Each structure stands twice: as C-alpha cells, then as structure tokens.
Amino acid sequence: MRFGFSLLLVCVTAIACAGAPALPRNYYLMRATASEGVSRVQAPVTITLENVNVAPYLSDQGLVLEIAANQVQSARQHLWAEPLDESLQIYLRTQISNQLGYEISTNVSPESALGYGVNVSIEQLHGTLSGAARLVASWRITLGGDAAELAAFRFARTRPLTQDGYPALANAEVALVGELAIAIADSLGEVGIPSTKP
Amino acid sequence: MADATPEVSKRRGIPRIWLVPIIALLLGIWMVYWTWHNQGPEITITLANAEGIEAGKTKIKTRSVAVGLVESVRLGEDLESVIVTARLDPVAANLLREDTQFWVVRVRVGLGGVSGLGTLLSGGYIELDPGEGAPGRRHFEGLKDVPVTPGGTPGLKFTLLSEEAGALSVGNPILYNGFQVGRVESTDFDVESQHIHHRAFIDAPYDALVTSTTRFWNASGISFNATADGIELRTGSLQTMLIGGVAFGLPDDVKAGQPVEDGINFELHPDRKSINDQPYEHYVEYVVAFSQSVRGLRPGAPVEYRGLPSGRVERLMLEELAAESGEEGEGRPIPILVRLEPGRLPFGDTSEGAARLKRSIEKGIQNGFRATLETGNLLTGSLFISLDIYPDEEAAEQGTFAGRPTIPTIASGIDSIAKKVTQLLDKLNELRLEEVTDSADVTLQELTVAITELRALVSSHGVQSLPNSIESSLDELDRTLNSVRALADALEHQPNSLIFSREPTPDPEPRATHP
Numbered sequence: 001m002r003f004g005f006s007l008l009l010v011c012v013t014a015i016a017c018a019g020a021p022a023l024p025r026n027y028y029l030m031r032a033t034a035s036e037g038v039s040r041v042q043a044p045v046t047i048t049l050e051n052v053n054v055a056p057y058l059s060d061q062g063l064v065l066e067i068a069a070n071q072v073q074s075a076r077q078h079l080w081a082e083p084l085d086e087s088l089q090i091y092l093r094t095q096i097s098n099q100l101g102y103e104i105s106t107n108v109s110p111e112s113a114l115g116y117g118v119n120v121s122i123e124q125l126h127g128t129l130s131g132a133a134r135l136v137a138s139w140r141i142t143l144g145g146d147a148a149e150l151a152a153f154r155f156a157r158t159r160p161l162t163q164d165g166y167p168a169l170a171n172a173e174v175a176l177v178g179e180l181a182i183a184i185a186d187s188l189g190e191v192g193i194p195s196t197k198p
Numbered sequence: 001m002a003d004a005t006p007e008v009s010k011r012r013g014i015p016r017i018w019l020v021p022i023i024a025l026l027l028g029i030w031m032v033y034w035t036w037h038n039q040g041p042e043i044t045i046t047l048a049n050a051e052g053i054e055a056g057k058t059k060i061k062t063r064s065v066a067v068g069l070v071e072s073v074r075l076g077e078d079l080e081s082v083i084v085t086a087r088l089d090p091v092a093a094n095l096l097r098e099d100t101q102f103w104v105v106r107v108r109v110g111l112g113g114v115s116g117l118g119t120l121l122s123g124g125y126i127e128l129d130p131g132e133g134a135p136g137r138r139h140f141e142g143l144k145d146v147p148v149t150p151g152g153t154p155g156l157k158f159t160l161l162s163e164e165a166g167a168l169s170v171g172n173p174i175l176y177n178g179f180q181v182g183r184v185e186s187t188d189f190d191v192e193s194q195h196i197h198h199r200a201f202i203d204a205p206y207d208a209l210v211t212s213t214t215r216f217w218n219a220s221g222i223s224f225n226a227t228a229d230g231i232e233l234r235t236g237s238l239q240t241m242l243i244g245g246v247a248f249g250l251p252d253d254v255k256a257g258q259p260v261e262d263g264i265n266f267e268l269h270p271d272r273k274s275i276n277d278q279p280y281e282h283y284v285e286y287v288v289a290f291s292q293s294v295r296g297l298r299p300g301a302p303v304e305y306r307g308l309p310s311g312r313v314e315r316l317m318l319e320e321l322a323a324e325s326g327e328e329g330e331g332r333p334i335p336i337l338v339r340l341e342p343g344r345l346p347f348g349d350t351s352e353g354a355a356r357l358k359r360s361i362e363k364g365i366q367n368g369f370r371a372t373l374e375t376g377n378l379l380t381g382s383l384f385i386s387l388d389i390y391p392d393e394e395a396a397e398q399g400t401f402a403g404r405p406t407i408p409t410i411a412s413g414i415d416s417i418a419k420k421v422t423q424l425l426d427k428l429n430e431l432r433l434e435e436v437t438d439s440a441d442v443t444l445q446e447l448t449v450a451i452t453e454l455r456a457l458v459s460s461h462g463v464q465s466l467p468n469s470i471e472s473s474l475d476e477l478d479r480t481l482n483s484v485r486a487l488a489d490a491l492e493h494q495p496n497s498l499i500f501s502r503e504p505t506p507d508p509e510p511r512a513t514h515p
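Residue numbers (the numbering used here), protein chains in the order written: chain A, 1 to 198; chain B, 1 to 515.
Incorrect hints may have been included.
Stated by the list, open to error - Where chain B lies over chain A, by a calculated footprint (3+ residues, C-beta under 8 Å):
no.	segment
1	55-68
2	72-84
3	120-131
4	150-164
Said to hold, decoys possible - Just a sample of chain A residues kept apart from chain B, beta carbon distances all over 12 Å, derived:
no.	residue
5	Met30
6	Tyr116
7	Gly178
8	Ile182
9	Asp186
10	Val191
Claimed, not checked - Chain B is nowhere near these chain A residues, computed Cβ spacing over 12 Å in every case:
no.	residue
11	Leu29
12	Val45
13	Thr46
14	Leu114
15	Ser138
16	Ile141
17	Thr142
18	Glu179
Hint data in this document are derived by calculation from the structure and do not stem from the laboratory.
Just so we're clear, the structure is a prediction, and the values are computed from it rather than from any experiment.
In this text, a Cβ means the ideal position worked out from N, Cα and C, and glycines have one as well.
Using the sequences and the accompanying hints, generate a full structural model.
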C-alpha cells in the first residue's frame with residue numbers, strides 16, 4: 001500500500017516536471033543618471049515631489065500592451081525591475097533636478113511645509129496597437145503647509161516604437177517619462193519658481 | 001278902476017334856500033364818519049431806539065406787504081424808550097392780537113449770517129408778525145432781535161435749561177443726527193433759578209422726534225474725554241464747530257417716551273456722553289468706603305456690576321466723614337456716594353424696580369455682594385467701582401452712613417495683589433522648605449536623567465527609521481497580496497496548475513509601425 005502510494009507520487013512529480021519549460025523573464029530598469037560634471041547650486045526654494053500615483057492597472061510589474069480596443073495585457077516575461085511608482089518617483093526627481101539645476105526632494109520634511117509640493121498622477125503608460133508608447137499624466141503644484149493649489153497641468157503624448165519588441169517599448173516609455181519631467185520643470189517655472197539653467 | 005290891493009300872505013316853513021347848507025352839513029358829517037369809519041387802527045409800539053425810523057416814511061409791513069405807516073415818533077415818559085405811533089390799514093386790523101409781534105428790520109450782520117440787505121436801499125421798516133391770540137390790542141412792545149422763526153410756524157416750542165451759557169446764541173441750529181430740524185430763538189438768564197434759558201423751536205414734522213425721554217446736548221466745538229472708559233474725541237459739523245449748536249437724541253438703550261407739548265423744559269447736557277449718565281429717572285443711592293487710594297476716581301465715574309454699567313459715582317462724602325468722625329476721621333475709609341439705576345439692570349426704571357434693586361442688594365450682601373475699586377484706564381489712571389458677588393466673603397450686614405445704606409467693600413487691584421503676595425509669603429515661611437527643596441532636587445535630577453535617556457532613544461537610528469521601515473513593509477505587504485491575488489486567480493482559472501503547469505504562452509509582441 002505504502003509502496004503504491006509512493007510510486008503514484010513519483011509518477012505525478014515526474015509528469016509535472018516534464019511540463020513545458022518556463023520562458024525566460026526580462027527585467028527593465030527605469031533609471032536616469034544625474035548630470036555628470038555639473039555641480040548643483042543650493043535650491044532657492046524647497047520643492048518636494050510628494051507623490052507619484054500610478055493607475056491601478058499598472059500595479060503589476062509587467063509592461064502593459066494594448067492588444068485590442070480597450071483591452072490591455074500585462075506581460076509575464078517582460079517586467080519592470082522595480083515597482084513602477086517607486087521607479088517613476090526616482091526617475092522624475094532626477095530628471096526634474098537636472099532640468100532645474102538644483103535638487104528637489106522626495107521626502108516630506110518640516111521644510112516642505114514652507115515650500116512647493118508636486119503631486120503626479122500617471123493615468124496611462126502602455127504600448128498601443130498602433131505601434132507606439134502612450135503616456136497620460138497630470139500633476140498639481142501646491143504651496144505651504146495647507147497645500148494651497150497653485151496650478152494644475154496635464155500631459156498626454158505618444159512616441160512611436162523604433163523597433164519591434166518590449167525593449168523598444170520600455171525605451172519609449174522611459175523617454176516619455178523623461179519628456180514628462182521636462183514638462184513638470186517648465187510648469188514650475190510658470191508659477192514663479194526660478195531655474196538656475198539658462 | 002279899482003285899485004289893486006296886493007294880498008300879502010304869510011308864508012310858513014323853512015325857505016328852500018336853506019336846503020343847500022343842510023345838505024352840505026349832512027354830507028360833511030357823512031364824510032367825517034366815512035373817513036373815521038374807514039381809517040385803520042392806530043397803534044403804539046415801544047422800542048428801545050428809533051434807529052432808521054422816520055415819521056411819515058417808515059412803513060409797517062407783514063409778509064413784505066405794507067399795511068401801515070409810522071405817524072409819529074416820540075420819547076417815552078421814562079426817557080429810555082421810544083414810542084412809535086402808527087396807523088394801519090383797516091384790513092390789517094384783524095392782525096392785531098395779543099401775541100402779535102413787531103420788530104425793526106434793518107441790516108444785521110452776525111455769525112449766523114447777514115439779514116435785511118433789502119433795507120439798504122429802501123430803508124428800514126417795522127415788521128408785523130400776526131398773532132393768533134385775542135384781537136383788540138393796540139399797544140405793543142417791539143422785539144429787540146429779529147425772531148428766527150416766523151409766527152404761526154407749526155412745530156414745538158420749548159426751553160433748554162443750562163447752568164452755563166456756553167457757546168449757544170440766537171439762531172444756532174438744533175440737529176438730529178446731524179440734520180438741522182430747528183433753532184435757538186432766544187437766550188436769557190433767569191436770576192431766580194440761576195439758569196440760562198434757551199428758547200428753542202423745532203419745525204414740524206420733526207417735533208414728533210422729541211419725547212419725554214429725549215435728551216439735548218451742546219454740540220458745539222470739539223469734545224475730548226479721557227475717562228475710565230477710554231479716550232473719546234467727538235466733533236460736530238463745521239457749522240456747529242464755528243457757531244455752536246444743539247443736538248438731541250435718546251440715551252443708549254432708552255426707548256422713546258410720551259409726546260410732549262409746547263412750553264416743556266429740557267436740561268441742556270454739556271455733551272453727548274453725559275446724556276447716558278442720567279438717562280433714567282429712578283435710582284437708589286449707596287455709600288461705599290475704601291481704605292485704599294481713590295486718586296483717579298471722579299464724580300461721574302462708572303459703577304459696574306460684572307462689567308455691566310449700573311450707575312455712577314456721585315461724589316466723595318468728605319464733609320459727612322468729618323461730621324461723623326470728627327478729629328478722629330484720619331485713617332478711616334473714604335466714603336463715596338454712588339447712584340445705582342434699576343433701569344440699567346433688569347429691574348425696570350420704576351419705583352418698584354428701585355425697591356426690588358434695594359432688596360436684591362440687601363440680600364446679596366449676605367451672600368458676598370461687594371464693591372471694589374478697579375483701574376479703568378492705565379493711561380489716565382481713571383478708576384471705577386465694580387460690584388460683584390464673592391462667595392468666599394463672610395456674610396455681612398448692610399450698614400448706613402450719613403443716612404444712606406452702605407455696600408461692603410474689599411480691596412482690589414494692586415492692593416489686593418499685595419495682600420495675596422503677603423499671604424503667600426507667610427505660607428511659604430511656614431513650609432519646611434529645605435526638605436521640600438532637597439526632595440525636589442532629587443526628583444529633578446531623576447527627571448533629567450529620564451529625559452536624557454528618552455531623548456537618546458527617540459533620536460536613535462532605529463526609532464528615526466521606524467516610519468520608513470513601516471512604510472516599506474506596508475508596500476511589500478501590498479505587493480505580496482497582489483501576488484497572492486494573482487495566484488488565486490490562476491488557481492481559480494486552472495485548479496491543477498499548482499501541479500501541472502500550463503503551456504507557457506509568450507507575451508504578445510509590440511510591433512513598431514514601419515512606413
């Protein structure tokens with residue numbers, strides 16, 4: 001009896017292990033490097049990138065591809081190396097700092113109550129049926145501890161893929177996020193925050 | 001031929017020729033009667049002087065219509081007046097009544113303006129102001145000044161009484177909320193009452209604004225008051241600042257009273273503020289005596305009950321103090337007469353309200369009702385009297401001073417603080433301070449050590465990084481739950497996938513758009 005059960009277990013395990021081999025997974029990193037060789041001056045005002053919220057459908061680590069109208073699929077073999085909200089916050093902070101010429105913060109501190117706050121919301125970030133990457137985002141600029149809203153902006157842009165495949169999609173999405181950072185930096189200038197760059 | 005003998009007949013009666021003189025006589029009599037009957041009344045007017053008046057030239061006018069002519073001007077028997085005899089037109093006879101007034105119109109220049117310019121060319125004349133009294137009067141006293149209100153003008157005539165003449169004079173405006181509604185007609189000094197009588201007039205329909213509770217005050221010049229209530233600066237209009245004026249209104253929180261009739265007297269208050277000092281008719285008087293300095297306490301200073309104006313200080317009763325204590329009066333509390341008005345408190349401005357206020361105070365004294373001397377204005381040092389209930393005070397009986405009831409007092413202000421500090425120091429002296437100090441020292445040392453340790457704990461890296469660690473853990477938990485949810489979805493879709501893996505399907509390939 002015991003032998004029979006053990007034989008059955010071995011067979012089942014063998015059958016299970018004889019299944020199709022798993023496909024390799026590819027991880028993509030969203031990182032930007034600070035401007036090398038540039039010494040940043042002290043920030044004239046405190047700017048805090050307080051929150052980067054991503055749409056719920058982007059909570060999976062897989063890159064999202066639109067496979068039909070209003071139908072998306074999260075990739076299983078092509079994943080972001082980090083949670084998207086965290087990597088977006090880091091990437092945006094670096095890129096905005098590069099644009100302004102001085103560091104902005106991502107940590108809410110007591111000094112933040114006296115400075116400006118930026119809250120970004122990523123509404124869409126995926127590949128499209130037309131062979132492009134699409135980014136739709138909005139952000140608010142607030143002032144002071146009572147978070148009085150100074151201005152609100154919206155960003156919607158697509159970028160064609162240069163090649164087939166997920167690496168090209170990831171590159172296009174990173175490039176779009178870089179354009180978003182430039183737009184945010186420009187909007188800070190519109191509300192009177194100075195930039196040290198010409 | 002017979003001789004003709006004339007027959008002489010004796011004729012009887014008056015010869016017809018006499019009819020001519022008779023008719024002439026009758027006509028003369030009739031003409032005299034007619035003239036006498038149709039000529040106007042002759043009047044005499046006594047004036048102070050005859051400046052600008054000439055017999056046969058000076059006219060008597062009413063409403064700019066000549067109704068008579070001056071016939072003669074002569075000195076009075078006392079040689080201090082002038083008697084003007086004038087003949088009026090018959091139609092003007094009805095204008096001569098008991099209160100008919102006459103005055104000479106000539107050019108007059110004063111602060112209130114210039115009048116009578118028309119007489120520069122035409123010469124002066126005597127104005128007749130028709131009266132409304134009984135007819136038949138023929139001798140009149142001419143007015144010294146031109147009346148500022150024409151006779152018969154509807155409105156209210158009244159008298160303002162003041163102890164000082166002030167800046168008021170004839171013609172000064174009477175204002176209601178800055179709008180002129182009347183004027184001062186005359187001013188004279190009454191020797192008996194030692195008061196200035198300002199006879200004033202308010203035109204209809206504004207006379208309805210004056211009631212029994214109305215108060216009048218002098219609105220002349222600039223009013224500056226620095227009292228226990230603070231500093232107050234009031235100015236009237238430019239006209240009243242230059243030539244003076246009277247304003248009227250109701251005291252604060254006082255409603256309009258009963259309508260008044262001609263001839264009523266009102267007191268003229270010196271300023272707007274003072275009408276609130278005595279807005280009520282009924283009051284009760286009490287004596288409060290203080291052992292502390294009363295410098296800064298002046299008559300009229302407010303008396304308040306828990307901050308509510310309740311009356312005012314009348315005067316210091318130093319004479320009564322000297323009379324009661326004689327030479328031993330030095331060092332005794334200084335008695336002060338205060339007036340409490342029940343109308344200011346919810347007792348009503350009636351004699352019953354005053355009686356209720358008395359009973360309340362009498363009962364309150366047994367429960368700690370006391371008077372204190374408080375500082376009202378730190379700049380001016382003005383004082384006022386505050387009334388309140390101090391439950392911790394021992395029960396007391398109401399006494400009397402100089403025939404008036406008293407309210408017990410307690411020390412306040414700096415005096416009270418000094419006493420409390422003294423009491424505190426006495427208690428501190430009674431304490432065994434060395435033991436307490438040693439114990440407190442040990443406790444403080446232990447407390448210092450505890451605080452130091454607590455500060456080190458809070459500032460440690462572990463505690464400082466605790467919020468970030470918690471946040472990271474929550475994020476990780478969130479991701480784990482997402483994975484579990486994905487696993488649950490997979491199991492629900494393919495229960496055997498735990499053992500038999502599905503055929504892996506490659507992700508759909510994104511395609512670039514190639515031109």
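So, going through the hints one by one against the coordinates:
{"no.": "1", "hint": "55-68", "verdict": "holds (count 5)"}
{"no.": "2", "hint": "72-84", "verdict": "holds (count 6)"}
{"no.": "3", "hint": "120-131", "verdict": "holds (count 3)"}
{"no.": "4", "hint": "150-164", "verdict": "holds (count 5)"}
{"no.": "5", "hint": "Met30", "verdict": "holds (17 Å)"}
{"no.": "6", "hint": "Tyr116", "verdict": "holds (23 Å)"}
{"no.": "7", "hint": "Gly178", "verdict": "holds (19 Å)"}
{"no.": "8", "hint": "Ile182", "verdict": "holds (24 Å)"}
{"no.": "9", "hint": "Asp186", "verdict": "holds (29 Å)"}
{"no.": "10", "hint": "Val191", "verdict": "holds (29 Å)"}
{"no.": "11", "hint": "Leu29", "verdict": "holds (17 Å)"}
{"no.": "12", "hint": "Val45", "verdict": "holds (25 Å)"}
{"no.": "13", "hint": "Thr46", "verdict": "holds (20 Å)"}
{"no.": "14", "hint": "Leu114", "verdict": "holds (21 Å)"}
{"no.": "15", "hint": "Ser138", "verdict": "holds (23 Å)"}
{"no.": "16", "hint": "Ile141", "verdict": "holds (24 Å)"}
{"no.": "17", "hint": "Thr142", "verdict": "holds (21 Å)"}
{"no.": "18", "hint": "Glu179", "verdict": "holds (19 Å)"}
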